[in-house]
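Position chain E relative to chain X; hints supplied.
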Amino acid sequence: MKVEENPHVIEFLRQGGDSFMTTKVEAVINWSRKYSMFLYPFVTACCGMEFMSVAGPRYDMDRFGCALPRFSPRQADLLFVVGTITHRQAPVLKKVYDQMAEPKWVIAFGACTCSGGPYNNYATVQGIDTIIPVDVYIPGCPPRPEAVLDGLMKLQVRVQKEKVPADGRHREMHELELPVVEKPLA
Amino acid sequence: MADPLAVLLAARGDAVLESHERLGDATAVVDPVELVAVMRFLRDSDGLDFEMLTDLTGVDYLGREPRFEVVYHLYSVKHNHRLRIVVRLPEDAPEVDSLVEVWPSADWMEREAWDMYGIRFRNHGDLRRLLLYEEFEGHPLRKDYPKERRQPLIGPRN
Chain X
1 MKVEENPHVI
11 EFLRQGGDSF
21 MTTKVEAVIN
31 WSRKYSMFLY
41 PFVTACCGME
51 FMSVAGPRYD
61 MDRFGCALPR
71 FSPRQADLLF
81 VVGTITHRQA
91 PVLKKVYDQM
101 AEPKWVIAFG
111 ACTCSGGPYN
121 NYATVQGIDT
131 IIPVDVYIPG
141 CPPRPEAVLD
151 GLMKLQVRVQ
161 KEKVPADGRH
171 REMHELELPV
181 VEKPLA
Chain E
1 MADPLAVLLA
11 ARGDAVLESH
21 ERLGDATAVV
31 DPVELVAVMR
41 FLRDSDGLDF
51 EMLTDLTGVD
61 YLGREPRFEV
71 VYHLYSVKHN
81 HRLRIVVRLP
91 EDAPEVDSLV
101 EVWPSADWME
111 REAWDMYGIR
121 FRNHGDLRRL
131 LLYEEFEGHP
141 LRKDYPKERR
151 QPLIGPRN
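Those sequence lines, one after another, are chains X and E.
When we follow the numbering used here, the leftmost residue of the first sequence carries the number 1, and every step to the right adds one.
When we follow the numbering used here, the leftmost residue of the second sequence carries the number 1, and every step to the right adds one.
If we strip away everything but chain X, and leave its shape as in the complex, we get (with noise of 0.2 Å):
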């Protein structure tokens, strides 16, 4: 006999009222994920005025439970790369991700971090997605409030669809691995 066949089960459940709800172990632990956010905000550039912006009380990050930077990446959840990233910066915010404890995302916010935006010279790494794993890209140069708003919730969505493996671990090492790919130069 199936569960929900069993008398004793629909009893139980017509007693309980509205008092509880069923659901799945893995729709839980993502739904607290998704609604707390600790971010690490690594701001090299322009765009971190905006990220500013964003992050005060006028857009109010905190409606999505993403209101609290840690300025420790071993506390944080969520890295948020926000400006320029030259070649010189990029061992550093390899490092930064490394420290990260899973699970954990990355946001590449603004033109520079999602291709290197209008930057393409000795100095500038063409998209942060050569050195680390990005979730969520939001363009712009500086993208407005509502687009990293639009962003976050974006990542939110993809946080609840996520499977949550039975050894805890977010990402598989091989990901984080990047093929080492030679651009054909212009």
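Worth flagging that the hints you see were computed from the coordinates, not collected in a lab.
This structure is a prediction, so every number in the text was calculated from the model and none was measured.
A virtual CB, placed ideally from N, CA and C, is assigned to each residue, including glycine.
Mixed in with the good hints there might be a few duds.
In the BS3-like style, the derived pairs of lysine-lysine whose C-alpha atoms are separated by at most 30 Å in a straight line are [what the hints assert, rightly or not]:
#1 X:Lys94 - E:Lys147
#2 X:Lys163 - X:Lys95
#3 X:Lys2 - X:Lys95
#4 X:Lys95 - X:Lys24
#5 X:Lys24 - X:Lys2
#6 E:Lys147 - X:Lys95
Residues from chain X that face chain E, not an exhaustive set, calculated with beta carbons under 8 Å [as the list claims (entries may be wrong)]:
#7 Tyr122
#8 Pro133
#9 Gln156
Chain E alone, transformed into the frame defined by chain X:
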């Protein structure tokens, strides 16, 4: 108020290779050997008093000899006048005396000129790259640095 370029030409005309003045921007091209002496004169003379080195930068005139220029922008807070000093340096030995002894602010600007143009400053004492990393080969603002050349520390060459 004394015209700084005229004062310089009268006192140290032997060290000035050429000069011009246009729209209030006076420029003197100075013999690199005499640079430090000329700069000390400009800083210490009554009526000139250039207390401030506001900018120091390199220029690459590829194909011309001497190929490199170092441009110094001087400002006197006391008299509110300015003067631009240029030294020209040959391609095979782009080297000039450091001005850190004269104006301490020259320190980082000379390091930047070394970083971007490969111009050496004698007696600087700490002539490391300022902006780029030690692993970087070459000097990216030279006109013959390939504009597509990338030297990432990690990740793909992009």
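Hints versus structure:
Between the alpha carbons of Lys94 of chain X and Lys147 of chain E the distance comes to roughly 26 Å, so the proposed pair stays at or under 30 Å and holds. Only pairs whose Cα atoms come within 30 Å are accepted, and Lys163 of chain X paired with Lys95 of chain X is accepted, the gap being roughly 26 Å. This hinted pair does not check out: Lys2 of chain X and Lys95 of chain X have alpha carbons roughly 51 Å apart, beyond 30 Å. Among the hinted pairs, Lys95 of chain X with Lys24 of chain X is inconsistent with the structure: their alpha-carbon atoms are about 35 Å apart, more than 30 Å.
Restraint check for Lys24 of chain X and Lys2 of chain X: the C-alpha separation of about 17 Å stays at or below 30 Å, so the hint holds. Taken as a hint, the Lys147 of chain E and Lys95 of chain X pair is honoured in the structure, with Cα atoms around 29 Å apart against an allowance of 30 Å. The criterion of a C-beta within 8 Å of any C-beta in chain E is met by Tyr122 of chain X, whose closest approach is roughly 4 Å, and the hint holds. Because the closest C-beta pair between Pro133 of chain X and chain E is about 12 Å apart, greater than 8 Å, the hint is violated.
Below 8 Å, beta-carbon pairs count as interface contacts, and Gln156 of chain X has none with chain E, the closest being about 29 Å; its hint is therefore violated.
Checked against the numbered hints above, the structure violates hints 3, 4, 8, 9; every other hint is satisfied.
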